[in-house]
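Mind assembling these two chains? They're in different frames, but the hints should get you there.
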Amino acid sequence: MNIIVCIKQVPAKDAPLAISGSWIKESDIGFEMNEPDSYALEEALRLKEKHGGEVIALSMGPERVKQTIKEALAKGADRGIHIVDDNFAQLDPLGAAKSLAAAIAKEKADLVLTGLQSDDHGFGQTGVLLAALLDRPHATLIMAIEVDGAKMKLKRELEAGWFQHIECPLPGVLSIQSGINKVRYATLKGIMAAKKKEIATVSRESLGVSHEPTQKIEKIYVPTKTKKTEFLTGTPKEMAGKLVEKLKFEARVI
Amino acid sequence: MKILVITELRQGKWNGTSFETLVAAQQIAKETSSTVSAVVIGKGVGAFADELAGKNVAEVLLVEHDLLEAYTPDGFCVALKQVIESAKPDLVLFPHTYQVRDFAPKLAAMLGKGMIGDCIGYRNEGGKLVFVRQMFQGKTAADVTFTGSAPWFASFQSGAFRADLLEANASGKAPVNKVAVTLDAAQIRTKPLDLFKEAKSAVDLTQAPLIVAIGRGIKAPENIPQAEAVAKAMGAEIAASRPICDEGWLPMERQIGSSGQTVAPKLYLALGISGAIQHVVGMKGARTIVAINKDQNAPIFEIADYGVVGDIFEIMPALTEALEKAKSA
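Taken in sequence, the protein lines are chains S and D.
For the first sequence, the residue numbers in numbering that gives the first Met the number 0 are 0 to 253.
For the second sequence, the residue numbers in numbering that gives the first Met the number 0 are 0 to 328.
FYI, nobody ran anything at the bench for these hints, they're computed from the structure.
Misleading hints may appear alongside valid ones.
[Stated by the list, open to error] Some but not every residue of chain D turned toward chain S, in silico, with C-beta under 7 Å:
1. Gln136
2. Val143
3. Leu322
4. Lys326
5. Ala328
Ideal placement from N, C-alpha and C gives every residue a C-beta, glycine not left out.
Chain D on its own, in the form it takes in the complex (with noise of 0.2 Å):
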């Protein structure tokens, strides 16, 4: 089986989850005995293609364009389908990243194919893949196969593999091959413009060592001092799931999840959240997790080192008394 994945660069630099998406394939080929071609997108990109001919993959595929400069739907579309119809792969992996979910299924579709996406690992059942993905929030997991010919298309989630377990090239450099695509301006049918940040980013919850963050259960901003209270006499930075930051109780850059901050603290403590896919996808890095919601069966339980099924405006207040008694003594 060949194997393609697509990678990544944002800004001029690395999208981090690409080397976890060419671990997930070399340990895929590994099993299928297959191949990994690595595609490197864009515009005066030379020098990452040659960073990835050092990694274990059979060959770098270079495509270059002054119409891929800049990342448009259209403008990848069009060149990644010359390029895997000349390539041929049996499978196609890509990051799950929003630019990922922005041009990989019309890809699939352009040649007639399906996207399994945001998968959080696979398994090898005597040859056959089994993708597995996330369903209901993350309440439960799928197993998902593809159905008819290849080329089949896969992506993996952020966290899913560990991009330090990418293995270098044991002989040498794989050879880069530039591959040339044909692309007109009229295909280009969106223009992108300006990129911007719009939190002031008074606080990176990154640096956080601990934090202590809202959800849905939180219910109103007028409880929000109570979880305020934990947070100070822990020490912890207070934090939030998307809902509460769109309802404007708390501003954009507290957001933790897959359009917020990506953190990976000694300490999360999760007040009411429910563990969305979307959240945790942010925060599931964390040493430890402690999850209070009156729900048992909340998914944010299944990555939780410690859990309270409770009442959180019973157990914040306990909470800032044992916490401040810890302190002084």
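This is chain S alone, in the form it adopts within the complex (with noise of 0.2 Å):
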């Protein structure tokens, strides 16, 4: 089973965000796969330990994008894809995955893994446009696969503890639930086998995609709350007894 698993890099969960008009200031702040992709590529290296296989981790971005990549093979994939575009944050959802499904149509992928968003944008919409571009069936929210032949019977997850099981034949894309499986650490042993491991770079130029942008993000700014937060200082113990006496008494709820 060749799978190709889409991995985006994210700024690190913790970095402080510097605004900078309509996206953030990539200077002085840590870069890290983005954690949705990570349980994609964890069900990719399982799928491929029971089944065969390879898994290619694709990646677009500047240069930095390599590291999340080598990570990526440090777990268990076998080799990489980095497509080139120092503006990569800028392009809208269907220019992203146009340049993706490019990439893509030059491989023999069976399956088609992405996380079901990204931590920096959040559009949430890559794998089910890479189906549509590559003109494949697909299923997103996707909790458990189960690859018979050329067929999957797939879990899916819906709202309120909802589940389906849905049937969706091979090839196919499919948008990955964080929670299916617990991630895996790179071992010692990957990271050095990663190193030997080929990593093939073209830049999104050399694709061809041609693309006229959809939607434009004006700019970015903390939000403006509607809400007035009353804080509370002092000791725990003083914060403590302030918050239980304005629940009882202002609030009313307790």
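Pasting the structure below:
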């Protein structure tokens, strides 16, 4: 089973965000693998362990993105593809998906996996758009995958605690839900082996994708608060006392 | 401008967020002198179309086909593409549900268009619509506009608009127009099977008046009893954000958020919860929200009535003590 996992590199969770127009200042912050994508990678590695084949880590962005691809290789992906684009953050979801699809189309993958959404843009559209562009069946919010020959039995998460089983043929595209598995750590052996694994580098321009942006982020900003938060101060004991008092006599909820 | 609202039915009932989207459409229509058409899609769903005809919309489009009885992304995309090509709307609006996330971006892409999803609101700037959505897990907001020609696709987050503001039709009933679509079984590649629930549902968090919820800040399962002590002293139910349930530290039925329960209790006490979008969407309707987090920039503070910037491991025992004292007072 050949699987391509689309992995995004995003600002680290605890990175202080310095807003600059329609993006953030990238200097002085750390970057990491998008957590939802790490679940997709883990699922790909488990499917490979069960069914054989190859796992390819695909990512797009500036040079720093290679670090995240290396992390995927260290965890067990066989090779990587890096689509170089310094302005990746400005691409609209359809533009990003078109570039990824162009790279994917050159490979012979049975399955394309993505995380559910990215922790920076949070569009949550990549998997579905890839399915549309590659003209493949798809499903999202996947919590379990069983492969049976040329088709898959999937468990899809719905709202309010409901689930659904779905049958989906291969080749297909799946958006993986967080919590589907427990993500592994890269072992020292894996990190050493990763050094010998190939990362193919292509520029986004060389993929020959033409695209007119469908949307534009005009600006990002700290949200204007509509609610007035009363912050309590003092020692933990004092704050606890004040809070209970407020809840009892002011908010009257206890 | 012509606005099309794609409503959603779930297991034979309305998905209530559809009404919120209709409210959004009615508001945009008023501000931009536009019309609203509501779409009902499925099989044997005429009664739902009749119900919408009593609302303040210009028309209801009824899209029925045997192959639309069960939701599939292929079925809905092929059918709705035809509806859009014949109705020629400028703006197509959806509630941002799990189902919409599964097909709407593909529908837009099939028409060469893009979708601005999970919007928390919009502004009308001299006729140009600016959609507002969250980025960086709720830490920032973003103003997004469409570039290029119509149709434009957008979805609104649950709770962004109030369903009870839906206006009735002032002059009788809007017409219900049937839209014939062509669908072939071969076009539908995925096959939906059984629907099921896993949680034993021993607890219905939607009925709990007081909830104490824990997030990643709890760090380890050994620390959960400290939060449970707070809940017990308060007479509250314990709940959690998704990562806690993914780890198996609390059962899935305790999860609050877009995947778990959506609750609106009298009091929601968030301990060590950052306030990521997927969690907040499940509890922002709580009457009183208290947030305790060591990060003063955590997005949860944006919606909190009372906030404590501090270490939950110091606050939890102090809070349990204060609550016990108040009980006996």
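A quick look at each hint next to the structure:
no.	hint	verdict
1	Gln136	holds, 5 Å
2	Val143	holds, 5 Å
3	Leu322	holds, 6 Å
4	Lys326	violated, 9 Å
5	Ala328	violated, 9 Å
Of the numbered hints given earlier, the model fails hints 4, 5; all others are met.
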